[in-house]
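Enquirer: If you want the building blocks of each chain, they are given just below.
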Amino acid sequence: MSAGVDLDSVSMDFGTFRAVDNVAVNIQPGEFFSFLGPSGCGKTTILRMISGFIDPTKGMVRIGGRDMKGQRPNQRPTALIFQNLALFPLMPVWENIAFGLEVRGVDKIKRRARAEELLRLVDLPDAGDKMVSQLSGGQKQRVAIARALAVEPSVMLLDEPLSALDLKLRQHMRAELRAIQKRTGVTFIYITHDQGEALAMSDRVGVMSQGKLQQVANPRDIYNNPANGFVASFVGENNVFAGEVKGQEGNLARFVTPGGTFTARLGPGVAPGAKARLFLRPEHARLLADPGAANSIPVEVTDVAFEGNFISIHARDAGGQVLVAEARNDGSSSIPQPGERRHFAFDGANAVILTGDTAAKDVDE
Amino acid sequence: MTDLLNRYGALLTTVFILLTGFWLLILIVLPNVYLFEHSFKPYLPVAEIGGPKDVYSFDNYLTFFRSPIHISVFVWTVVYSAVVTFICFLMAYPLAYYLSKVSARALLPTIFLLLFIPLWVSEVLRSFAWFIILALKGPLNASLLGLGIIEDPVRWITGFRGVIIGLVYTYVLFMLFPLYNAIASLDSNQIEAAEDLGAPWWRIHWRVILPHAKPGIASGSVMVFMLSAGSILVPTLLASTNSRWFTEIIQQWMFESQDWNTGSAYAFLLLILCTVFVSAVMRIFRVKLSDIAK
Ligand SMILES: Nc1ncnc2c1ncn2[C@@H]1O[C@H](COP(=O)(O)OP(=O)(O)O)[C@@H](O)[C@H]1O
Ligand SMILES: [Mg+2]
Numbered sequence: 000m001s002a003g004v005d006l007d008s009v010s011m012d013f014g015t016f017r018a019v020d021n022v023a024v025n026i027q028p029g030e031f032f033s034f035l036g037p038s039g040c041g042k043t044t045i046l047r048m049i050s051g052f053i054d055p056t057k058g059m060v061r062i063g064g065r066d067m068k069g070q071r072p073n074q075r076p077t078a079l080i081f082q083n084l085a086l087f088p089l090m091p092v093w094e095n096i097a098f099g100l101e102v103r104g105v106d107k108i109k110r111r112a113r114a115e116e117l118l119r120l121v122d123l124p125d126a127g128d129k130m131v132s133q134l135s136g137g138q139k140q141r142v143a144i145a146r147a148l149a150v151e152p153s154v155m156l157l158d159e160p161l162s163a164l165d166l167k168l169r170q171h172m173r174a175e176l177r178a179i180q181k182r183t184g185v186t187f188i189y190i191t192h193d194q195g196e197a198l199a200m201s202d203r204v205g206v207m208s209q210g211k212l213q214q215v216a217n218p219r220d221i222y223n224n225p226a227n228g229f230v231a232s233f234v235g236e237n238n239v240f241a242g243e244v245k246g247q248e249g250n251l252a253r254f255v256t257p258g259g260t261f262t263a264r265l266g267p268g269v270a271p272g273a274k275a276r277l278f279l280r281p282e283h284a285r286l287l288a289d290p291g292a293a294n295s296i297p298v299e300v301t302d303v304a305f306e307g308n309f310i311s312i313h314a315r316d317a318g319g320q321v322l323v324a325e326a327r328n329d330g331s332s333s334i335p336q337p338g339e340r341r342h343f344a345f346d347g348a349n350a351v352i353l354t355g356d357t358a359a360k361d362v363d364e
Numbered sequence: 000m001t002d003l004l005n006r007y008g009a010l011l012t013t014v015f016i017l018l019t020g021f022w023l024l025i026l027i028v029l030p031n032v033y034l035f036e037h038s039f040k041p042y043l044p045v046a047e048i049g050g051p052k053d054v055y056s057f058d059n060y061l062t063f064f065r066s067p068i069h070i071s072v073f074v075w076t077v078v079y080s081a082v083v084t085f086i087c088f089l090m091a092y093p094l095a096y097y098l099s100k101v102s103a104r105a106l107l108p109t110i111f112l113l114l115f116i117p118l119w120v121s122e123v124l125r126s127f128a129w130f131i132i133l134a135l136k137g138p139l140n141a142s143l144l145g146l147g148i149i150e151d152p153v154r155w156i157t158g159f160r161g162v163i164i165g166l167v168y169t170y171v172l173f174m175l176f177p178l179y180n181a182i183a184s185l186d187s188n189q190i191e192a193a194e195d196l197g198a199p200w201w202r203i204h205w206r207v208i209l210p211h212a213k214p215g216i217a218s219g220s221v222m223v224f225m226l227s228a229g230s231i232l233v234p235t236l237l238a239s240t241n242s243r244w245f246t247e248i249i250q251q252w253m254f255e256s257q258d259w260n261t262g263s264a265y266a267f268l269l270l271i272l273c274t275v276f277v278s279a280v281m282r283i284f285r286v287k288l289s290d291i292a293k
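Taken in sequence, the protein lines are chains A and W. Under numbering that gives the first Met the number 0, think of the first position of the first sequence as 0, with each following residue one higher. Under numbering that gives the first Met the number 0, think of the first position of the second sequence as 0, with each following residue one higher.
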């Protein structure tokens, strides 16, 4: 039923502007794969190439091993869920869902029965005769999913389908989408600029920036072993130190910055002597009363924010750089007060040295 | 209204409104009221006006129903106006779709300009132009003969053919613009969604685009139909001996018989019967007036 999707060095030019640049990835049958990246990085363009609305300028799109060149969207085994859903407002819900079957010449009684079946699958029984305008945002979302599933696609393409929903519903729909994907076994290609969504739902994530694929890995590796500065800074929070790699210390590298010398893991492709950045997740930073043996900077606590399950502590070092440490709210660590002097310390194995641009964080997350 | 008040102040606003109302009254309301009143009075020599015979009655209206010829002319006028409306739709729909969904945005101003230019020429001249084009020895036949598409000249202006060609040409834009607006307001993602779900092009039009464009089709059709049925210039210039338009009969009453009373009655009959016809058709296609107004 499900099919793999191969993007074979695919590029897409709009005039002189390259929206997608040499993207190569093999998406496995039955996989939940996400493209993650900031707005305008070419995610929708990739989806439109897979669904067949546009043909790549260069490279090849294969679905189930077959070259899709020249195949129109209505000839491909894909179903696209649009960013704005694009439900048909003049048809009742069940006709929306059954539209793909109507196209395939299925008779009306069978269509209706199948629509009801799908409505139960997406947990919307009894909505068949309503008009789309009578549904809430989350319900419309489910109808869009049911409409796409009705044509029994081998590959389901979803373009930021949850972005219009409020936070609670979004988190609920995440789990639901994931469950539907597991139940149907269809390959899901999911697009989002929300890292939380991508990490929580996907088998693998492809992080994109400016049309280029930066890293493809499972969510754990994306977060723990980012391939470059862009991935590290786009996915999750960081303390960043700019500096230079100067030699080796055990299996860690020595990293010299204006604020001090640290040890850290060497990221992929970073050579000794290179100018680079050190990335440290806030949850790996500790604020000690006494200076540590290594990787320790004196700081003054400026702000303590209670976030519920964790506490976020902002501190300033001698150079004025703001550093962030996070402590779990489980009573295991003492929480300093603003104005207190502490030592910002971390384990070198938890920090990584990377090159490449850092991402400007999306403001709308 | 408040906008007007803010911009021009109370005095000027009052003057504007009074002036507009005045001209509306003088140019539109009063003449119609006058004709309406006279349509119920008999046509009398000047000496007898105001005399004992000058009473209100439905006689002028009944004249129409007593004349099989006039009834038949009316029926053909409605039928051919409907034909004109349908041809306008067939011509305007693909163009409206192309302009609103396919063509490059940058080309639109040019295309619209080209469509508008003929409107700057008066209807009389345009009808004359068609009279010349369609003439037996006119340029159309000459070109077709020259290209070898026909062997003998075609008599274009025969029956209602000339009238239909002329009316379609004159009023097709009144169909195009409401259609264009209606289709342009359709979210293109819906067209793509239908295609993505496997629909061939004709089903996309039938199930998604046409239903969405229905109010536009309705308002375009009402306009073209009413304008065609009420047109006088085109039928006068492009009619043949065996085609008569209902407006020509009204004109005969008014100018040849000098009987303005019966002429007015016929004019109001045309208006009323066409309105009834249009309402009936709208009911059949389940279009509401409020949809059109949108
Ligand atoms: N049809 C098009 N013509 C010209 N530029 C386009 C077109 N579609 C997308 N782009 C450009 O390509 C870039 C990527 O767009 P898109 O794939 O929609 O980004 P995303 O979905 O990641 O936000 C954007 O800069 C956008 O302006
Ligand atoms: Mg997008």
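The hints are simulated quantities; they were obtained by calculation from the structure and are not laboratory data. Warning: the hint list may mix true and false statements.
Stated by the list, open to error - Looking from chain A toward chain W, a few residues come up when the C-beta cut is under 7 Å (computed):
| id | residue |
| --- | --- |
| 1 | Ser-50 |
| 2 | Gly-69 |
| 3 | Pro-76 |
| 4 | Phe-81 |
| 5 | Asn-83 |
| 6 | Leu-89 |
| 7 | Phe-98 |
| 8 | Gly-99 |
| 9 | Val-105 |
| 10 | Leu-120 |
| 11 | Val-150 |
| 12 | Ser-153 |
Unchecked claim - Which bits of chain W does chain A cover? Going by a derived footprint, with three or more residues having C-beta under 8 Å, they are:
| id | region |
| --- | --- |
| 13 | 6-16 |
| 14 | 204-214 |
Yeah, the Cβ is synthetic: ideal placement off N, Cα and C, and Gly gets one too.
Enquirer: If a hint holds in the structure, say so; if it doesn't, say that too.
Expert: Taking the hints in turn, this is what the structure says about them:
1. For Ser-50(A), the interface hint holds, since its Cβ comes within 7 Å of a Cβ in chain W; the closest pair sits about 6 Å apart.
2. At a threshold of 7 Å, the smallest CB-CB gap from Gly-69(A) to chain W is about 15 Å, leaving the interface hint violated.
3. Interface hint at Pro-76(A): violated, since its Cβ lies 10 Å from the closest Cβ of chain W, which is beyond the 7 Å cut-off.
4. Taken as an interface hint, Phe-81(A) checks out: its beta carbon lies about 5 Å from the nearest beta carbon of chain W, inside 7 Å.
5. Contact between Asn-83(A) and chain W, as hinted, is supported at the beta carbon level, the nearest pair being about 6 Å apart and thus within 7 Å.
6. At a threshold of 7 Å, the smallest CB-CB gap from Leu-89(A) to chain W is about 5 Å, leaving the interface hint in force.
7. For Phe-98(A), the shortest C-beta to C-beta distance to chain W is roughly 5 Å, which falls under 7 Å, so the interface hint holds.
8. A hinted interface residue such as Gly-99(A) counts as satisfied when its beta carbon comes closer than 7 Å to some beta carbon of chain W; here the least separation is about 4 Å, so the hint holds.
9. With 7 Å as the threshold, the beta carbon of Val-105(A) stays out of range of chain W, its nearest partner Cβ sitting at about 11 Å, so the hint is violated.
10. Hint status for Leu-120(A): violated, given a least beta-carbon distance of 17 Å to chain W, over 7 Å.
11. A cut of 7 Å between beta carbons decides the hint on Val-150(A): the least distance to chain W is about 6 Å, and the hint holds.
12. Given hint, Ser-153(A) at the interface with chain W, is violated; its Cβ is 13 Å from that chain's nearest Cβ, farther than 7 Å.
13. Only residues whose beta carbon comes within less than 8 Å of a beta carbon in chain A count, and the region 6-16 of chain W has 0; fewer than three means the coverage is violated.
14. Counting residues of the region 204-214 of chain W whose CB lies closer than 8 Å to any CB of chain A gives 4, which reaches the minimum of 3, so the coverage claim holds.
Hints 2, 3, 9, 10, 12 and 13 from the list above are not met by this structure, while the remaining hints are.
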